[in-house]
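Asks: This is what each chain is made of:
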Amino acid sequence: MMDDHAEQMTPEDDIRPIDPPDALRALDDVAAPDRLRLAVAERVAHAGRAHGRERRLRLGGALAGAVAVVLVVLGLFASSILTDDGAAPNVRAVAPVALRAPTAPAPAALAGGELLAARAGPIAFPTWTRAGWRAVGARSDTIRGHAVKTVFYADGAGRRIGYAIADVQLPVAGGELVIRRGARLRVLSRGATAVVTWRRAGRTCILAGRGVPVGRLLTLASYAA
Amino acid sequence: MARLDPQALVTHLDRLYRVAWALCGSREDAEDLVQETVARVLAKPRRLQRQDELAYLVRALRNTFLLSRRTRSRRPQEVATLDQIEPAERRGTGLPEAALEARELFAAIAGLPEDFRHALVAVDVAGLSYREAAELLGTREATIASRVYRGRERVVAALGSGGRRNEADGEASMPARSLR
Chain A
276 MMDDHAEQMT PEDDIRPIDP PDALRALDDV AAPDRLRLAV AERVAHAGRA HGRERRLRLG
336 GALAGAVAVV LVVLGLFASS ILTDDGAAPN VRAVAPVALR APTAPAPAAL AGGELLAARA
396 GPIAFPTWTR AGWRAVGARS DTIRGHAVKT VFYADGAGRR IGYAIADVQL PVAGGELVIR
456 RGARLRVLSR GATAVVTWRR AGRTCILAGR GVPVGRLLTL ASYAA
Chain B
377 MARLDPQALV THLDRLYRVA WALCGSREDA EDLVQETVAR VLAKPRRLQR QDELAYLVRA
437 LRNTFLLSRR TRSRRPQEVA TLDQIEPAER RGTGLPEAAL EARELFAAIA GLPEDFRHAL
497 VAVDVAGLSY REAAELLGTR EATIASRVYR GRERVVAALG SGGRRNEADG EASMPARSLR
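Keeping their order, the protein sequence lines are chains A and B.
If you number the first sequence the way my numbering does, the last residue is 500 and the count never jumps.
If you number the second sequence the way my numbering does, the last residue is 556 and the count never jumps.
Simulated from the structure, these hints should not be mistaken for laboratory data.
Glycine included, every Cβ here is placed at the ideal spot set by N, Cα and C.
Don't take every hint at face value.
So the derived label-pair ranges between C-beta atoms look like this [said to hold, decoys possible]:
no., chain 1, residue 1, chain 2, residue 2, range
1, A, 419, B, 446, 42 to 52 Å
2, A, 385, B, 515, 12 to 22 Å
3, B, 423, A, 419, 17 to 27 Å
4, A, 450, B, 516, 35 to 45 Å
5, B, 425, A, 314, 50 to 60 Å
Chain B regions said to be covered by chain A (calculated; three or more residues, Cβ under 8 Å) [said to hold, decoys possible]:
no., stretch
6, 407-421
7, 432-439
Quick partial rundown of chain B residues pointing at chain A, CB under 8 Å, derived from the structure [to be verified]:
no., residue
8, 383
9, 385
10, 424
11, 511
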């Protein structure tokens, strides 16, 4: 069991998170087996269908109440569109896309080795190989009618980041404004997840990673901004 | 209060699997644990109380692990057979060395004293912050920091002694590892 004496040996005042040893980074390469992935996806889909059936039954039995709820929702929606700029999602809503799994292979590098054969409007995704990262996958999503393209990168230690570009200027609240190499970047973080966002060419760029130092994200973002 | 999106189980599956493996010490038990956790989470709508979805799911997985361990301790002990020896991990980087390295790592983590193991799993494997890990384990952030530190030291030491043993046995040695 625990060695209480050993616990007291580390200064308890100093609780700043530090990076894990290199040895532990190998864990990030371990993915769930395909059979487990399929089984979980099937369970989730089944649960969604079952909950949908229950919901429909409940709605059928309480139609009058539902109508009242719909009216309230419509009222709230009407008031929200008077104050919202086109119901665009915000950066915090889109950032999780950059942490999801890729659904497409990594784009190929173009001649010159600096850019990938993947674009979001006028912005081409970088290779970032000089910075020690390589593209490992990509995905495309549509969030509330806005296209979001993401390229995922991994470094030699197996850490992964996602660079997402939304086709709209997304609102962002909070966070910390950082100027790096002249680029205006905003840092949002939650737990071990760090997000750096900036705007370019009428679009919103989001770089996110879990367990990756914010400084590394800021450096990459300053190259791309 | 936000509702847990069941899709979060798919989104965080790799991380949950790693947490399960680190807790159980075996890939097959980890798969069972994840499946059981998924079934329990999906059994009814879940609401997130101040925590994000990953922290919620890690808590659910840990609770399921503790529950299944208590249940198993009341059953007769089984002896592992040769059929139960795990094949090398086929996914991930696809490199046999990496698969071996991951298995040794998980074995080293699973062999930690319980308090160190739960702290290290919460922070280094699940990716929770010290604050989230402290809430999960019902202790102070400073205690988490201390346990993670000690746990990392022991894991690195265990991996180092494993590599030396392999060399002595004439097997391929593990790549050198170091504390940053």
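Asks: Starting from the range 50 to 60 Å, see whether the pair residue 425 (chain B) and residue 314 (chain A) falls in it by beta-carbon distance.
Replies: Hint violated: Cβ distance 28 Å, outside 50 to 60 Å.
Asks: Given that the stretch 407-421 of chain B was listed as covered by chain A, double-check it with a C-beta distance under 8 Å for 3 or more residues.
Replies: holds (count 7)
Asks: Holds or violated: the 17 to 27 Å window for the beta-carbon distance between residue 423 (chain B) and residue 419 (chain A)?
Replies: holds, 24 Å
Asks: Within 42 to 52 Å: is that where the Cβ-Cβ distance between residue 419 (chain A) and residue 446 (chain B) falls?
Replies: holds, 45 Å
Asks: Is 35 to 45 Å right for how far apart the beta carbons of residue 450 (chain A) and residue 516 (chain B) are?
Replies: violated, 28 Å
Asks: Does residue 424 (chain B) hold up as a contact with chain A if the rule is Cβ-Cβ below 8 Å?
Replies: Violated, about 13 Å.
Asks: Given a cut of 8 Å on the nearest C-beta pair, is the interface hint for residue 383 (chain B) held or broken against chain A?
Replies: This interface hint holds because 6 Å falls under the 8 Å limit.
Asks: Given the hint of 12 to 22 Å, is the C-beta distance from residue 385 (chain A) to residue 515 (chain B) inside that range or not?
Replies: This hint is violated: roughly 51 Å between Cβ atoms.
Asks: Would the stated hint for residue 511 (chain B) survive a check requiring a Cβ distance to chain A of less than 8 Å?
Replies: violated, 11 Å
Asks: Does the CB of residue 385 (chain B) sit less than 8 Å away from some CB of chain A?
Replies: Holds, about 6 Å.
Asks: Please verify the coverage claim for the stretch 432-439 of chain B: does it have three or more residues whose C-beta sits within 8 Å of some C-beta in chain A?
Replies: As far as the stretch 432-439 of chain B goes, the hint is violated, because 0 residues have Cβ atoms under 8 Å from chain A.
Violated hints for the displayed structure, listed by number in ascending order: 2, 4, 5, 7, 10 and 11.
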